[in-house]
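Colleague: Once you have looked at the hints, place chain A on chain E.
Those sequence lines, one after another, are chains E and A.
Whatever position you read off the first sequence (first residue = 1), add 616 for the numbering used here.
Once you know that position 91 of the second sequence is 74 in the numbering used here, the rest is easy, because the numbers rise by one and skip nothing.
Derived lysine-lysine pairs resembling DSSO-like cross-links, with alpha carbons at most 27 Å apart:
hint, chain 1, residue 1, chain 2, residue 2
1, E, K933, E, K1122
2, E, K1122, E, K990
3, A, K87, E, K707
4, E, K1116, E, K1220
5, A, K56, E, K1203
What the hints contain is simulated information worked out from the structure, not anything from laboratory work.
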Amino acid sequence: MTTTLRALPTDRFIDIPPPLGQVVAEYRILPGEAIAYPVAAGQYIQIVDVAGSQCSDFLAFGGGDHSDPLDATVTRTLTGVAVPQAGLPGKAFSQSMQPLTEVIQDTCGRHDSFLLACTARYYEEAGYPGHPSCSDNFNRVLAPYGIAPRSGWPALNFFYNTSIDCHGAVGFEESLSRPGDYVLLLAHQDLLCASSACPDDIDPANGWQPTPIHVRIYAAGQVFGRAMGRRVAADFPLRLTQDSAFTPAIRQLTDDLAEYNGFWVPRSFAHQGDQAEYWALRQRAALMDLSALRKFEVQGSDAFTLLQYAFSRNLEKVSPGQGAYGCLLNPHGGIVDDGIVFCFSPTHYRYVGNCDTDRAWLGQIAREQGWSVKVEVVDRHNLAIQGPLSRDILKTQSPEAAALGYFRFMETQVQGISVLISRTGYTGELGYELFVEPQNGAVLWDLLMQAGQPVGLMPLGMKALDRARIEAGLLAMGYEFDDLISPYQAGIGWAVAMKKPDFIGKAALEEIRRHPPRVAVGLVLEGPEVAAHGQPVFAAGQRWRVGHITSATFSPMLNASIAMAQVVPEYAEAGMAVEVGMLDGLKRRIPATVGPLAAFDPTKSRVRV
Amino acid sequence: MNDITIYHPWDMAGVDGLVAARALFGESVDYLAPFQSMETVLGGEACSVLRLCDRNFRITYPGPLDQILSELKLQLWVKQLEWMRAVVLPVDCLPAIAAQATTKAPHRLQPLPLHCAAPAQINPIPALLWHHPIDNWPTLEVHLAYRQIAEFWDRIQSPTYSSVSLTTAHT
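Chain E extracted, bound-state conformation (with noise of 0.2 Å):
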């Protein structure tokens, strides 16, 4: 039996998240059923996942006859994703190649594009003949528009949380999706589409109980921001991807944007190249959007007592005007997160860092030990003008601040505007980091870029910010650290007060320091291949392994291959031989010698300069 289809009125539901926009149509999926609906060109498709872990299969048929079926395996080929995604990698296409929808928002992030529709043999073969399936479905609601059936419909499975393992084998788990997480799909031509709310109650997809699937169709015209649900702790809410206040400058000049710690970054910029920012970064000057670190401020009469038990540095040394580079540790001394503290007096201070939990932690330490000090986000975008000119331009804008020495911050205006300017990076080069209040970034942007333009400034993405801070040898998180490695693995052994009476970690990393299971090292690899993320390190004409890559590219300015790693300390001495496994690890190894974490001006010449 076909459901019957009907606009709903969009009050009606309340265990829902309110529309996004106009609605036209709207559909509750019952349990176990499935429907089939018009969707016009333009027009955008919410389905909600209404109580949460329920799978809901989509099915769209363009071409002027439904004829043009959505195809996932041309989608996965012509992508470069497992699933479309909000962003560049967002189309699914049909078997003609032809774009039929868009992810345009996707708050769950963990979708199937590799299995079928479940099928009536899927429930035989476990012992259920005759148990409904999505496929059957699919197939009872599009026989009215002529579509012949299919023992099973290969589909996109929103919510659907498969994944394959190391040896090959697709596996299912209960769906990620929350109750009100949803998909929002950007149609690019006029469809018949068919979504489910899987039947499935024998096995984990949808919690062995399946529920309700809301569908929302909004009116063409309207404008959804391209956003990703990130989620960072249980207790956290759900956080969308947002631009930064340079996001619509840099929007100017390339599509070419990725999520990044829950903000759209640019990884090049159009007809520029990673290789063109890279070198105007090392030779000129580079303007590049690093608006995704978190900013908290410290405030209180016990401020520096709660960084100075936090922090790995020793803030006694640090003051006013002064920041430092270091990390938040736990007690078994791994890394919660780097960072920089700012010390605008001993009541206040600033930490800039990469996670959203660092104000909860910090809060945490500061309400145990029953300490007055508040830990607030503060709302400031960051440029940063990074390169051997950054002093030059930076100048026409602020001749103070470019006199700044390393390390050293100040509080300014340019151009009217408020800015804190401070003289950090993460390129390995002279340069400045410059926070405003989001309103006004766009005129900063533009300020920075005209100054910089008559000396060849260029905007920097990601890609070419990667490549020079491996060849300067800092750190990134979830590559080099996280909560499981200490700072003397991750090659900041050095950002770690020992002298410090107390911190937190401090007994933990007395016994690390003595032997870490591994060391960080860089090393330079023979020829021009590129090692990776996660690559096994081996003992020279050996089959045992000493380490693994952390890190790596192509370093332009030494003309070789580099890399990161983390070793075991007997092999982490500067001009010992290793060899990376390449590919698998064994089909083909590369020698490479052991050097400084920084293969690139180690002695950090350049931005003390």
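Modeller: The following block gives chain A in isolation, referenced to the frame of chain E:
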């Protein structure tokens, strides 16, 4: 169709693709991103170098590039692709072609600056559009399957392109 002198570029790719390009053209190739190009001289002959990937290059060169590279004993292949040719058009037809073409982000055809290339579908012919100078004159070079040159030729003879006159890269 008979008026077209077909131009046949060289392609090279392999583990040592960048090593070979650097050996032939110097360190300037390090400054090229994929789909960017440079003009240079090799063995006294003008040539254009288009980087297609980290280690893949397309080169306009009238001499035996494969023989030159064979002496370097590097891990790469060098050949003139049997199935592909290049057609050279005056650059002023770029706006009209770009208006008819689609390209996949992040590539952009409007504009397509000098020394840049972009893959595109010129309804429905797949092509690589390359804006670069030949003999110091900005030119639009179109790389496409040999079997589709006639179809492409027909299209550029349509009213939209009525002002286009074909030339060749090397006469």
